[in-house]
Amino acid sequence: MIDLTGLDTRPAQTWGAMRLVPLVRREPIEDLRLHAKVYGDEPSVVFLPDKTVYTSYVPHAFVASWTGDGTPAAAYGTQLGQPLRHMCIRTRRRMARRVDTNRLRFLPLHLAVEGFLALHFGGPVIAWEEWSRHAIAHGLSARAEDAYTGAEVRGLDDALKVFEIYPGQCGLLLYAGDTLASAFVVPHPEDYRALHPTLIRDLYGELVYEYALFYPARDFPAVIDETTVSSLADLRAQALLREREWADFHGSVMAARLLQAPAHVEEVYRLGRFTLSRFLPAFERKSENHIGETIIDGDGRLAYLKTFRLSEAQSRRGHLLSKLAEHGWSLPETAAALGTDAAALGMRLKGAGFGHLLRQDVLDGYRKAVNGNRRTRRGGGTSPPA
Amino acid sequence: METYADLIECEDVLLFANAAITSTGQREFHSAAGQQRLSLGFLHRYIHGNYPDLYAATLALDINDHNAAIVIATLLAHPGQGDGRLIARRLARMSPPRVYRLFQRLRHDGVNNRRTRALVREWLAGRPDLAFDAVKYRAGVKSAVRHVHLRLPGELGDFLFAPFSRARYETPVLEAWRRAHYDKAALYELPYTVAEGFAARHGISRMVFLERIAPKLTRLERLRLAESASKDGLDTEADLAAMPLVRLASYVLALPIHTRTRRRAELMGALRAAAARVAGARAGTWGNVAAVLDDSFSSFGSPVKRRRPLAVALACHYLLEALAGSYRGLWLSGRTDPLQTRPSGPTPLGHRVLDALEARPGMLVIVSDGWDNAPPGLAGEVLRVWRRKLDPGGDVGIVHVNPVYDADQFDVRRLSPMVPTAGIRDAEDLPALVELARFAEGRTGLAELRAYLADRAAQLEAR
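Keeping their order, the protein sequence lines are chains V and E.
Adding 34 to a residue's 1-based position in the first sequence gives its number in the numbering used here.
Adding 50 to a residue's 1-based position in the second sequence gives its number in the numbering used here.
This is chain V alone, in the form it adopts within the complex:
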């Protein structure tokens, strides 16, 4: 359950197809801060004079030299404290894939999303005979998902540039074409100020990219009913009411899907009073699906939040995988649960890009069965001319 208590919604600012909704914290969280030396070589320890606990977190988006031999490494998901789990970046492959060196930073984000999905979907837990040796041995690792960097999302750079940051602002909800694209919350306003421009380097789903090409987002201009006003105090009350109305509307309508309980929450790490968890959506089709990470402090306050909105195709894949996981990766059982047969499910898996996980001979059998079925349905026609 994502709880935005303690974060006040302020009126949105629109630019092009983008709507940016600021979240303001009345009391900033002081003892969880961005790691001061993300790109540094040596581990840094901060001693605070007042002997309070100082906890840092490593957002999954950064590349740093954490390895002993100084080769670049990316954090494997967001972590608390000193970065422990990381994956090395194969430089040669990177150079082949990247055009210019500045784009180095985008790579760990990809890794993050890929690694992130892999963390949840380890692959078959029971070695059913349909699954290929690769699937059993490596799970779903090295799964690639497509995403767009913020720089590719039309109008996002201008929207972030002309956005007027509120005093005490600790978060931002980003809408494209009035669908929630991404949520971002940090513990302290200074962190937010430092990270506001990095939103342009974040990853956004395909949906967001396409919605950004749509019509401009409209402001919801305040309207005051003049019949209710008879004094300046009334007018002031009306003005405050308009502001509160927007916050309520935003919480109950615009961000409702995000705030609803995520289907699966995995507690990843606990450090001091902070808990880092990752969450997955229910993968309902034709609705909003967000994956993301949260850090929650002992009082249940949200200290950090970052979400990624899945595209329609990604939701579909997630749906398939979650169903498989639910039924112990058994194809016949899953198929029964989905109301279809194993062959059709096999073809759906192939269509979703998971064909390499099934043994080739099993897959061929499924294809034959499905094609055969179709042919008999069409009245027993012969195979099409080559």
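Since the hints were made in silico from the structure, they are not lab data.
There's no promise every hint is true.
To be verified - No more than 25 Å apart at the CA atoms, straight line, and that leaves these computed lysine to any residue pairs for SDA-like:
#, chain 1, residue 1, chain 2, residue 2
1, V, Lys195, E, Pro306
2, E, Lys266, E, Ile307
3, E, Lys439, V, Asp268
4, V, Lys195, E, Ala217
5, V, Lys195, E, Lys439
6, E, Lys355, V, Thr48
7, V, Lys320, V, Thr213
8, E, Lys355, V, Asp192
9, V, Lys195, E, Ala82
10, V, Lys195, E, Gln76
11, E, Lys439, V, Ala267
Unchecked claim - Examples of chain V residues toward chain E, derived with CB under 7 Å:
#, residue
12, Pro45
13, Tyr200
14, Pro201
15, Ala256
16, Glu260
17, Leu269
18, Arg270
Even glycine gets a Cβ: it sits at the ideal position worked out from N, Cα and C.
Starting from the known structure of chain V, fit chain E onto it as the hints suggest.
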């Protein structure tokens, strides 16, 4: 009898006046330079095409030099349009580099009719020291002289077109220029901008150069160099109080916060003195005035117009303080010390307008770029309900002045149709703009607007 066409004409001209006062074709916070130029170019062609006489008459208004130059170039390209004397008057008020740039533009456009040539000749003849101009604005003078086929007497012609044909010049400044090529001492007799180049060529250290060139600095150069020179322990003796008000406000805002605190008394005194000079005889006559001043993040302007909207707001603050009997200035961020102001945060105009109306001032001036975003449109609603329900008689005069041209709307952004909005460039124009805003309210019509323009032209003539 007002006709519909009259109203439209009146509105169009005011639209153009607002644009021509605020836009300089440079980048703004919300629009790029290209958008600004495109939008402004359209307006010029539209007004010139439909109302050529009113177009020419706008020269009498306080439109900025950028637009005045475009108007003059357009008028000169169309023989028989515009009043020659008014153009000459406007040219005399423009800064020389801008006039030379205008002449270069005329040359580029191939505008070379008799009136143009006469105008350029007359303007050049009216320069106090053409030899000095020839040194300081060499390319400009050369281009203008070529364009109008002017035969310059004696040395000056040689200086421009064959500078090394003479062994020595009789005119001191020309001679100094010739000697500065090899004599380090001679360059200190040249204008600062020219001497700077020679100093670089001779490898003179910046500190020595600034110290010795100091007497030659112009008023604005003194101000501009004051900070960098003071790092080397030099004082350019910039006379802050003598600066134009908005320029001074820009200077103050460019200083770091701790410097502003340290020099508080000096800066405050200079701003007050400049404001009192602008207010002149009107000081203290405006009664009870409140102001809502925009210091939101968008008042940063753009890298090419750094903090310009904020500087206008700061200048208005001090000017209104001088004009009003009793004055209350409210900054959007809630800061109370105008000297510490800086562009940050959102634009909650609605709430601040309410705060200002609380005390029922005689007049409310809103200085803002009109992007009301916290929540959007609230300021307009507050002003509407206030006018309709709480103050139908209009006891509180409300004026919105806007320093930023909105390229998409071909006008400055308005807060509400109930409140007149006028573009503002220099705080000095504020009294005149409050007059102009009456026309925007629609209470007075085209005849009055024409009379007003004629009156302004006559005033300009008399100045």
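task: Of all the hints given earlier, name the ones this structure violates by number, lowest first.
output: Of the numbered hints, 2, 4, 5 do not hold.
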